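What follows is the residue order along each chain.
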Amino acid sequence: MAIMYALKSSDNEIFEVEQKVIEQSETIKKMIEDGAATGEIPLQVSSKTLAKVLEWCKQRQHKTVENENDDNKGKRKKERDEDDDIKEWENKFSDELKADKDVLFDLLLASNYLDLPALLSFLCQLVADMVAGKMPEEIRRMFNIENDFTPEEEKAITAEHGWAFQP
Amino acid sequence: MQQHREIYKAIDAAAAKNKKTKKSTLASVTETPLNHSIPTDVVTDILSFLPVKSLLRFRCLSKEWRDLIEDRRFIQMHMYRGGNRIIKSKVGEPCDFDIDETFKVLFEDNRGLLVLRNKVNQSYHIRNPATRQMFDLPTPSFNSFLMFMFQDQYTGLYKVFSVYTYRKNICSGGCEILTVGIDDHWRPLEASEHLHDFGETTEMFYVSTPSNGAIHIVRIREQKLIKAVWINLKNECATVISTLPQGFFSDSDKLSPFCWEGKLSFYTVVNMELHVLVLEDYMKQRFSESKIVIPALTFMDEDEKIINVNIKPQFARDGMVIFVLNDEEIIAYDYIERRIIKNLDMKEYEEMYVGECLTSFNGMRAENQQEKQLENPKNRQRRRKRTQKGQKSKFETSSPLFQYAFLFLVGEATPIARIHRMVEVGGATSMGQIPRTVAVGEATSMGQIPRRVEVGEAVAIVAIAAMAMDGGGTMTIHALLMLQQPLHQYYRPALG
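In order, the protein sequence lines correspond to chains A and B. At the far end of the first sequence sits residue 185, using this note's numbering, and the numbering has no gaps. At the far end of the second sequence sits residue 929, using this note's numbering, and the numbering has no gaps.
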């Protein structure tokens, strides 16, 4: 019988999750190890975001279990097939996030807060793909960055690699 | 050495200081409420996935972003992430091919950094094609014919290592090193003394393992090991071995060096089997406990057509041994799954490896107009292909990929012409004084290759069999042919 934990979102929704699934979060794993995880675990994550986080964790968990059951023979082939499945799942997952940037950024912060390295780097890559072709002004707006260069300084720094500003 | 340790210390101190300030910026950012309030370490993470071009553009966003993008540790992190361009790490390889009439590439690392020589004014440069910047290296004491660049992971510093030969009384060799952005001149290495006799009749071979900053230079004569010199570019020390352990090979075995998964190894072919002895740990001079035996030549039976052909191993990498059949077809043998992979797509193999980085050195400058023309992705592609087919490094002497001889002239004033590599030259019978098959690196005296007409004759020889390389101050013969075809196709009795 799997050990279950109750996670409480910032908007007071309860999620019942298997220990193995949620232990991927280093933050929660540590809480469990320290014995701090009794009753409901309150998290500073909205229910909408937490649902996404758990969706990711369950998918990853699924993958790890399957791998453990494999014997070495034929593993390579199986891994390849699995990789295809995961890719497909990840594509769907990222398409949804691209469509809703607020969820994407919330999820990014949540994965940082919950210490989920795999999800964090997946999301960082996703964001990187989204911003790679953009111009500085768009990025400033997106990340809410204040331009602290004087016009002269900005002109100079832009001139250093002028070609990088061409599409 | 002492001086370098001091520098490393200084760098560490600077890095530690930097780390401290970094933490405080992080705190200040999390305190400032932003829309998404993304902490600096997450921003860093995101940026590490971006291509160089985007990062150079985003430097103008704010001072914080600029500092972050220019941070040495960030550059390092970015290098190993490589954005969404999935790149397998490849060992950096010394190479030798022309980009155009002016520039020759001497080294290319796995992040696309190039060491170039300007053939016109004999100047040396490091080029970062991703940032379109050049760094002008000081002039080496002797014209280099093997250059190797390596990054010390600990300090982040790059070193360029050069092997040269020169002639005073006897033909001699040596090596020197330079820490990029720190040294303003090349420093002779103690290892030079081990290379002194390398200028003589020698077949040389190198294996480089950039991860630990080691380069092996092996001297082989008549397929017997003479000496193997291992130079650790990190601490700049050298180790030498001159014998292999007893009991692995018999005296009659013909040994050739090659590279087994980044390690120096020696192979011989016994009863159609490939026997490999790997030098597991050079520092401790420890070889593998048993030979690796690959039934390489019996697996050929599966296909009748390729029995009894001239087959030579090139190197082993990523669980595969790469062979060349009859000097043309490349096949791989997966020694883990024990199967042959034919029709290996070398193009795909190469493309996987193109990387980029933000690396910049103190005193780096933007490329000038002429240098700008160097970069054209199409050229690059072509160039790679050509390297693959035509001219691997001059040192990869065991490589039968190219059935061509290199005639290596050490310079007009040098009364010696060195045959760099000469393998069977089909059809080129008019080679007269030059023995038909010459050992690699063998020095042929003036009596055999005359100097001036000699040059003319050499040109003829070149036309028949070889490519003349420049090595001395003035070039006697320029590279005439970019050999991509078997030699005899280039046969011409005389050349104007």
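I should point out that these hints are in silico values taken from the structure, not numbers from a laboratory. Bear in mind the structure is a predicted one, so any value in this text is a computation, not a measurement. Cβ atoms here follow ideal geometry from the backbone N, Cα and C, with glycine treated the same way. Don't take each hint at face value.
[As the list claims (entries may be wrong)] One-sided and incomplete, this derived list gives chain B residues near chain A with beta-carbon spacing under 7 Å:
hint, residue
1, 477
2, 478
3, 483
4, 489
5, 490
6, 492
7, 493
8, 494
9, 495
10, 496
Here is what the structure says about each hint:
no.: 1; hint: 477; result: violated (9 Å)
no.: 2; hint: 478; result: holds (4 Å)
no.: 3; hint: 483; result: holds (5 Å)
no.: 4; hint: 489; result: holds (4 Å)
no.: 5; hint: 490; result: holds (4 Å)
no.: 6; hint: 492; result: holds (6 Å)
no.: 7; hint: 493; result: holds (5 Å)
no.: 8; hint: 494; result: holds (5 Å)
no.: 9; hint: 495; result: holds (5 Å)
no.: 10; hint: 496; result: holds (5 Å)
Checked against the numbered hints above, the structure violates only hint 1.
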